[in-house]
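Protein chains: 4
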Amino acid sequence: MFVTMKPHATQAEFDAVVEKIKALGLTPHPITGTERKVVAVIGHTGGMDPDDLFGTMPGVAEALRVSQPFKLVSREVKEEDTVIDVGGVPLGGQAIVIMAGPCSVESKDQILETAHAVKAAGACFLRGGAFKPRTSPYEFQGLREDGLKLLALAREQTGLKVVTEVKDTETLDMVASYADVLQIGARNMQNYSLLEKVGALDKPVLLKRGLSATIREWLMAAEYIVSKGNAKVALCERGIRTFETATRNTLDINAIPVLKALTHLPVIVDPSHGIGLRPHVPAIARAGIAAGADGLIIEVHPHPEKALSDGHQSLTPTEFGSLMRQVCVIAGAVGRPVFEPR
Amino acid sequence: MFVTMKPHATQAEFDAVVEKIKALGLTPHPITGTERKVVAVIGHTGGMDPDDLFGTMPGVAEALRVSQPFKLVSREVKEEDTVIDVGGVPLGGQAIVIMAGPCSVESKDQILETAHAVKAAGACFLRGGAFKPRTSPYEFQGLREDGLKLLALAREQTGLKVVTEVKDTETLDMVASYADVLQIGARNMQNYSLLEKVGALDKPVLLKRGLSATIREWLMAAEYIVSKGNAKVALCERGIRTFETATRNTLDINAIPVLKALTHLPVIVDPSHGIGLRPHVPAIARAGIAAGADGLIIEVHPHPEKALSDGHQSLTPTEFGSLMRQVCVIAGAVGRPVFEPR
Amino acid sequence: MFVTMKPHATQAEFDAVVEKIKALGLTPHPITGTERKVVAVIGHTGGMDPDDLFGTMPGVAEALRVSQPFKLVSREVKEEDTVIDVGGVPLGGQAIVIMAGPCSVESKDQILETAHAVKAAGACFLRGGAFKPRTSPYEFQGLREDGLKLLALAREQTGLKVVTEVKDTETLDMVASYADVLQIGARNMQNYSLLEKVGALDKPVLLKRGLSATIREWLMAAEYIVSKGNAKVALCERGIRTFETATRNTLDINAIPVLKALTHLPVIVDPSHGIGLRPHVPAIARAGIAAGADGLIIEVHPHPEKALSDGHQSLTPTEFGSLMRQVCVIAGAVGRPVFEPR
Amino acid sequence: MFVTMKPHATQAEFDAVVEKIKALGLTPHPITGTERKVVAVIGHTGGMDPDDLFGTMPGVAEALRVSQPFKLVSREVKEEDTVIDVGGVPLGGQAIVIMAGPCSVESKDQILETAHAVKAAGACFLRGGAFKPRTSPYEFQGLREDGLKLLALAREQTGLKVVTEVKDTETLDMVASYADVLQIGARNMQNYSLLEKVGALDKPVLLKRGLSATIREWLMAAEYIVSKGNAKVALCERGIRTFETATRNTLDINAIPVLKALTHLPVIVDPSHGIGLRPHVPAIARAGIAAGADGLIIEVHPHPEKALSDGHQSLTPTEFGSLMRQVCVIAGAVGRPVFEPR
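Protein chains in written order, with our numbering: chain A, 11 to 352; chain B, 11 to 352; chain C, 11 to 352; chain D, 11 to 352.
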């Protein structure tokens, strides 16, 4: 159950609601950082009528039961699409956004060449990892802060917004000081301490789906972030783990329409990880947009054969240009523009 | 290894090839029913040079090694797309075909009403099950031959081609005498006796993917049919089984481009089973076409709420009409027409 | 809902029950071949009281509601363990039975040598495939009837009971004329036509679990057989398909206690297919018995390195002897004897 | 490739090896905290002969190639079983150890009652969560440091060693100051920052398998810890995620023998999470020991029906006592004692 206060409700009115919740033997869970005061009611509320109990209290705008275990991220609680303003670029909403760049930032030349190329092709976000969580402790782990600086330089030169992964709470402040969007990787989707800390920032988040996370668990992970006050969360489908070995992962195309129905958060598709095979990335990119995704994140590398990671799934700038033209046509076919960077 | 004879090669020339294969300690496996004589060479051929051994023999057009375990269905053996002529309707090739109809044939009114509606909306195939393999022995098992007769009646009235499932070898001849396309269901994908018998017919086949079949196993199942002489096989992706419980199955969108690269056979997408949720069927249908599928098979029922099976995933005729318009737009966006029935 | 008649109920009393079911708008489904007359009541029976409706009718022993979708195979309907008498060898019940032999019957020497060896080590069933469903049409498909004759010869010489796979309805009568137990393979678990035909025989059946079948679907497949009158069904867990690639399949050890609670049918474990790696077969065999299985089926080959199929998971006779001693100790630890062939 | 120095090798000898590695264009990765100096050689070493290159250098004991991607945890590098000394209790080795206790520490009475009960029944470790990673931000998250203090109190009263979960780097020092063994949960198996920090401590670790982690990825996660210098790592199989919905997870029994062959680290089985159904925990516990596990971790709660988490899979103390007796018998059957706390 959720109680939402009117815009100008007083603290005393809010406190009265909280007291009433306690008096009913339930636990109030105030949601911080949202525009209006909202309090979640935790406990066994079955049989209670929200409107009857709270609807007529002074300052209360609405009291309603939410059937899903995720609350703040659900369409039941907020019907209209969330549009995240990333320095002038809308993430979510009618226009489709394209994020592109290398798996890892490797060098100044590599990242600048890529940035200029994807900008020219129509991307508005530059992706690139400076901190790389790798399966093996003996593999390249990223350029760390040097990589972040190179991303900032590329932003300066191109105007692209920077999406980069944060892999732990220790480096969160550093990464947040460079990034426009904080990416949380699949392996960290249920790293709750990281989710909570990111939830306390005022910074857009791209939350990737865990390798074997259900849609419900994924939305609960988003709920962790939003319940701490940061409502700027976008979801990224990047493939799940199945028995199929012909592809790196199995992109769950079903998740796109299911998410769009369950939540108001933007949904991005990552075809590069979703299939893991360069020649087939465009087909999956097109499918993602056709299914209703709000954007794409694509791995692009000027020389995939020399990439330090994920070269087999990275497009060349030329291939990316071709993909962008295909995406524009499909976007048009579903009645949506592709956001054009200025 | 495969040896393909020239169009007018003599039986004696063919026999000489077969004898040479035996002399090498290998097993010849002649492929029946193909236009030209072809013989597969089974055994350890590593280190042998096909061209050297067979290329200069009289009557031999080509001898080549095939790296995949599936041979006749692979693009290595036949590069151009297979187009199956179903009484004037091309299955495969440039134009996209739409198959639609109820899960089960339930009554004359139901099947005729559906047939006229899907024809009007632009389908060229009518789907409908007369023999239903059901998980429980106590559930509705189909109208059997009465259902087949109703499908034939609907074909007569509308000109639609009939796609219907054959579930065993006992009823194969009966079903084949009514059907234009024989559907082999997911649970029968590795029913090799059925595959072999269907392979001996001259009748198009729609082979559904098994619930946990890898792409390779699926192509091997198709190889069973083609190796017996029936090359008219189309593949149908209908979702695989994963841990996700929010949807009935997980449509493997990755399979579409992977198949199109590995095989020359047509690929059809079944979004109805692939997601199993009526409101989301159109999104997955669009995604399938955008990913490169050659057609769709969609469950449509005039009164889904009264359907004896699969009502929760069946579209109404009105919803199907809307989906058809979306599909036409997406097809156009990938440069392909939707085949129009005359 | 199920109505069970008294042992000496008359046909008229049974017919009266059937008529009453129809009068209620429901469908009677008489169960054939069981000792007592039983009729399943199909339809919406929610809200009806079985005892009230049928309990006082003449000749009725019991009327009860079954909560599971599987009925005849459930412990709700029959509490005591089913023990199948296979020519004097009890399959199910207190004593543990061991089935062993090669994947395929390959030659007279091979099958006789194996039979004598596994008999000496304590097996009471000889397994061996004469009809092999293979993923590829180009692989060894079994010796067919010649293989069955060799199995019969081995039985004659050793007294072992023969377990062999039946892969289709065409060869069912032939296979049944040689086999003591008909094995239905994983790929045929939902081949309903085969299940129904096997259900009409008076011959024990070993029903393997499908590669991605849920426990419920598996029990429904058993229900198909039993509902046709053949109650002599044992279940065989042989591993399911998961994302793990270090092993051939993932043996679902959880299925053993879950099945023992849900059904009265015997449960056999196949560690050879369940893990697919020779050195680890004994560990999984021990685990199966410790978890409560009623028996094991093990692949044994005199020369695994020369086996035409499954050599990598077959034990040598010596290794099998060692496994048998381990199994006896574990069986003792769970308070059960291993059945000794005479 | 790995180069291991002799026990009394000098720093100069070690440095010479490091320089030679660099001179070859490879990257030296010194392993810290191990008894002897070891350096991993990262890069393309194919075609090089380790012994030829390093074997004769002063101070070098051994240079060898390791075929697996995990190195320090592999049996190739260290053949004998690792036995971790936890304050006098051996984790790993011949004797089997039992860990038991509630999912969450809930109160003083609850944890003390449980501790005394499991001690009496034969456990030597007390498990209990003070920091609980929960799927929902609105669920009970644990008593935090108060919970740790209660665990310490229980240890004081019973002598049991404490196993408790650490969920992030922020609370690591605090948890490590109370715990005898640090548990890393399934969702944190690839939280590399946490693994690295735990690797820098001198404290035993119980590393649970991720929900969809392959055995190889799991061993790579252990390699992260060991490569930072902490060799006291035990692995805990707790079930993987599959399509089966009858059980909470699918315990991968195959993983036990596969791990015992690949690694020298101890392997513990968690049947409580592995099946998630109280009545069936003992069967899976028995199976785990029979398959070769070195210990068990079992959820026990004095009043499962009132537990704040995982009540449906927790045993009562009485049930746990019965399980312990079964485990002792099975352990005896595989020739191993159950470690008895003094």
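Any given hint might turn out to be false.
Each pair may be met inside one copy or between any two copies, as identical chains are not told apart.
To be verified - Cross-link-like lysine to any residue pairs, in silico, SDA-like; alpha carbons within 20 Å at most:
hint: 1; residue 1: Lys238; residue 2: Glu180
hint: 2; residue 1: Lys238; residue 2: Thr145
hint: 3; residue 1: Lys238; residue 2: Ala210
hint: 4; residue 1: Lys30; residue 2: Phe349
hint: 5; residue 1: Lys129; residue 2: Leu211
hint: 6; residue 1: Lys118; residue 2: Ala22
hint: 7; residue 1: Lys88; residue 2: Gly98
hint: 8; residue 1: Lys159; residue 2: Gly345
hint: 9; residue 1: Lys32; residue 2: Lys213
hint: 10; residue 1: Lys316; residue 2: Gly56
hint: 11; residue 1: Lys16; residue 2: Arg144
hint: 12; residue 1: Lys159; residue 2: Ala71
hint: 13; residue 1: Lys129; residue 2: Gly98
hint: 14; residue 1: Lys88; residue 2: Thr14
hint: 15; residue 1: Lys129; residue 2: Met67
hint: 16; residue 1: Lys238; residue 2: Phe150
hint: 17; residue 1: Lys16; residue 2: His126
hint: 18; residue 1: Lys238; residue 2: Tyr148
hint: 19; residue 1: Lys129; residue 2: Glu329
hint: 20; residue 1: Lys88; residue 2: Pro347
hint: 21; residue 1: Lys270; residue 2: Ile94
hint: 22; residue 1: Lys118; residue 2: Lys159
hint: 23; residue 1: Lys213; residue 2: Gln78
hint: 24; residue 1: Lys238; residue 2: Ala131
hint: 25; residue 1: Lys238; residue 2: Lys316
hint: 26; residue 1: Lys316; residue 2: Arg288
Hints listed in this document are in silico derivations from the structure and should not be mistaken for laboratory results.
Structure versus earlier hints, numbers of those that do not hold, lowest first: Hint check: 4, 5, 6, 7, 8, 9, 11, 12, 15, 17, 20, 23, 24 and 25 fail, others pass.
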